[in-house]
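Asks: The whole structure should be built from the sequences, with the hints applied where relevant.
Here our numbering is used: the first residue of the sequence shown is 12, the next is one more, and so on.
Bear in mind the hints are in silico, worked out from the structure with no lab data behind them.
Where hints are given, some of them may not hold.
SDA-like cross-link-like pairs, simulated, lysine to any residue; straight-line CA separation at most 20 Å [to be verified]:
id : residue 1 : residue 2
1  : LYS320    : LEU356
2  : LYS320    : LEU331
3  : LYS558    : GLU421
4  : LYS601    : VAL334
5  : LYS610    : ARG531
6  : LYS29     : PRO199
7  : LYS152    : LYS329
8  : LYS558    : ALA423
9  : LYS336    : ASP292
10 : LYS373    : THR389
11 : LYS558    : THR389
12 : LYS152    : SER176
13 : LYS161    : ALA218
14 : LYS601    : PHE532
15 : LYS373    : ALA319
16 : LYS367    : ALA423
17 : LYS152    : PRO72
18 : LYS354    : MET492
19 : LYS320    : THR223
20 : LYS336    : LEU307
21 : LYS320    : LEU333
22 : LYS375    : ALA246
23 : LYS578    : LYS558
24 : LYS16     : LYS28
25 : LYS286    : PRO201
26 : LYS286    : ALA371
27 : LYS335    : LEU361
28 : LYS558    : ILE400
29 : LYS558    : GLN403
30 : LYS422    : GLN279
31 : LYS547    : HIS503
32 : LYS335    : ASP313
33 : LYS29     : GLU14
34 : LYS152    : LEU333
35 : LYS601    : ASN529
36 : LYS286    : LYS320
37 : LYS578    : PRO72
38 : LYS336    : ALA218
39 : LYS547    : MET492
40 : LYS16     : PRO199
These numbers were taken from a predicted model, which means no experiment stands behind them.
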Amino acid sequence: MTERKTGDGRVVVSGRKKMTPSEAFVETLVANGVTDIFGIMGSAFMDAMDIFAPAGIRLVPVVHEQGAGHMADGYARVSGRHGVVIGQNGPGISNCVTAIAAAYWAHSPVVIVTPEAGTMGTGLGGFQEANQLPMFQEFTKYQGHVNNPKRMAEYTGRCFDRAHSELGPTQLNIPRDFFYGEIEAEIPEPARLDRGPGGERSLDEAAALLATADFPVIISGGGVVMADGVDECKALAERLGAPVVNSYLHNDSFPASHPQWCGPLGYQGSKAAMKLISQADVVIALGSRLGPFGTLPQHGMDYWPKDAKIIQIDADHKMLGLVKKITVGICGDAKDAAIALTKRLADRTLACDSTKDARAAKIKAEKDAWEAELDAWTHETDPFSLDMIAEQEGEEGNWLHPREVLRELEKAMPPRVMVSTDIGNINSVANSYLRFEEPRSFFAPMSFGNCGYALPTIIGAKAAAPDRPAISYAGDGAWGMSMGEIMTAVRHDIPVTAVVFHNRQWGAEKKNQVDFYNRRFVAGELESESFAGIAKAMGAEGIVVEKLDEVGPALQRAVDAQMNEGKTTVIEIMCTRELGDPFRRDALSKPVRFLEKYKDYV
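Replies: Structure (structure tokens):
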């Protein structure tokens with residue numbers, strides 16, 4: 012039999028051969044470098060699952076399929092390879108929708124394999140029957156439906172190719188009876204695009220514009236991470252002497268130790284970044300779609316430069332000029348485009364050359380001022396937060412200020428750390444305190460903003476990079492949606508460290524009730540048992556932290572247990588009920604009531 016070797020040394024049959032559709036499916040997975048799949052076993056794909064092990068594929072059984080989808084997302088974002096999720100037809104697949112939506116907005120090359128009810132029962136309302144393609148049509152870049160067993164390898168290969176070429180999730184839908192039979196098939200070789208830097212004309216226009224810029228600013232986005240282009244972004248920034256700001260929730264797209272790094276834009280981002288970009292006359296959005304949530308006013312500043320000329324570089328032409336008006340649009344790979352622009356600027360005299368030292372001093376001054384403000388910003392000072400702090404001083408136990416905790420966690424972070432954050436008030440405030448030295452280190456649910464994201468995503472990240480420390484942040488509300496996956500980490504030796512901010516409330520939404528509904532709290536309180544105790548019951552370690560000087564040592568102890576003993580630890584931090592700024596002040600309106608019975612509810 013003719014064979015070929017994959018990049019990881021496994022063997023794939025070559026040429027047209029007789030095989031079963033299950034074999035064609037699994038061989039195509041091997042050809043695409045798949046070594047890990049996340050999901051829950053099911054009869055719908057059991058014939059293929061039976062040969063995962065001899066193919067060199069591990070199926071990681073999870074607690075809930077949403078967790079599997081998030082694990083695949085984290086795996087893809089760390090490794091740059093495909094993340095794969097699979098489940099039983101019907102409910103197993105519908106459980107994945109939220110996770111695939113999050114992966115879509117993170118541009119993660121996740122392939123969701125969706126076995127469906129058998130073809131002879133379609134339309135009869137049989138057991139676990141569902142029309143599975145419409146479930147994912149809004150959140151996938153491509154949907155491949157195997158309409159004949161003979162096309163199993165073809166559609167499987169295409170879904171993997173499209174996940175990379177389209178930069179997002181794809182769905183492979185397979186009727187469960189199509190895994191069986193006898194076919195002749197050829198396993199397709201993976202196709203990977205060479206994107207290139209963009210068009211010569213647009214690159215020349217961008218270089219000419221940059222040559223005239225007095226105060227250029229670079230936004231380093233997620234595309235820089237996906238293109239492995241951080242060094243190339245650095246070279247461009249250094250040529251220009253430009254401040255570099257991270258796009259929202261892409262804090263790992265530029266090293267925090269670099270003197271030109273200024274921190275993230277967007278919600279709870281860096282005031283230094285916002286003040287500096289507000290002065291720009293030319294902005295280079297490198298690998299960023301300039302999403303609306305990442306450019307909204309924050310800290311009382313409407314910082315987006317209204318008169319600046321914008322150069323936007325994105326691999327997806329549909330993103331160019333979609334959110335912000337642009338001057339030059341470049342459809343290209345962020346890394347290659349940065350190289351091309353740096354070459355065009357290398358031997359030119361630029362308007363900004365003479366002001367490099369002055370701009371460097373301005374960058375340093377703004378960063379120093381922001382760091383000093385963060386150091387002094389030990390707690391929130393709005394009336395509600397002050398009331399909560401005073402109230403809790405009379406309660407039993409010690410309650411820590413979230414901002415002080417986040418600062419201590421930042422100081423204790425180990426080298427090469429990977430951090431995932433959930434959605435919620437404290438997690439969002441964390442955006443001000445998370446800094447990284449290398450890409451593929453920070454994972455958040457992006458603009459889909461779903462709870463229950465952080466823990467399973469960091470488990471997937473750890474599975475892809477077992478040599479790196481893996482830490483998740485979650486509030487107690489989001490934690491309740493995902494904490495069962497601690498069992499996955501323990502059962503399958505994927506050790507992680509989970510930090511839970513226990514403030515006994517749905518903080519982000521409760522903030523809206525403070526600001527708009529006169530502190531009329533409905534369904535926002537979350538009293539619960541000890542999360543550290545629950546973690547111990549699931550086989551993990553559990554630490555309760557009630558003193559500020561215990562925060563850093565607790566994290567260090569948990570990371571040491573993770574890296575040296577293979578142990579998962581939940582760190583439960585007892586926090587005050589103070590609340591940071593809301594996500595968007597324009598998201599709600601002050602209530603108006605016309606009926607007499609509701610007149611006081613304003």
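Asks: Taking each numbered hint in turn, which are not upheld by the structure, reported in ascending numerical order?
Replies: 4, 10, 13, 16, 17, 18, 23, 25, 27
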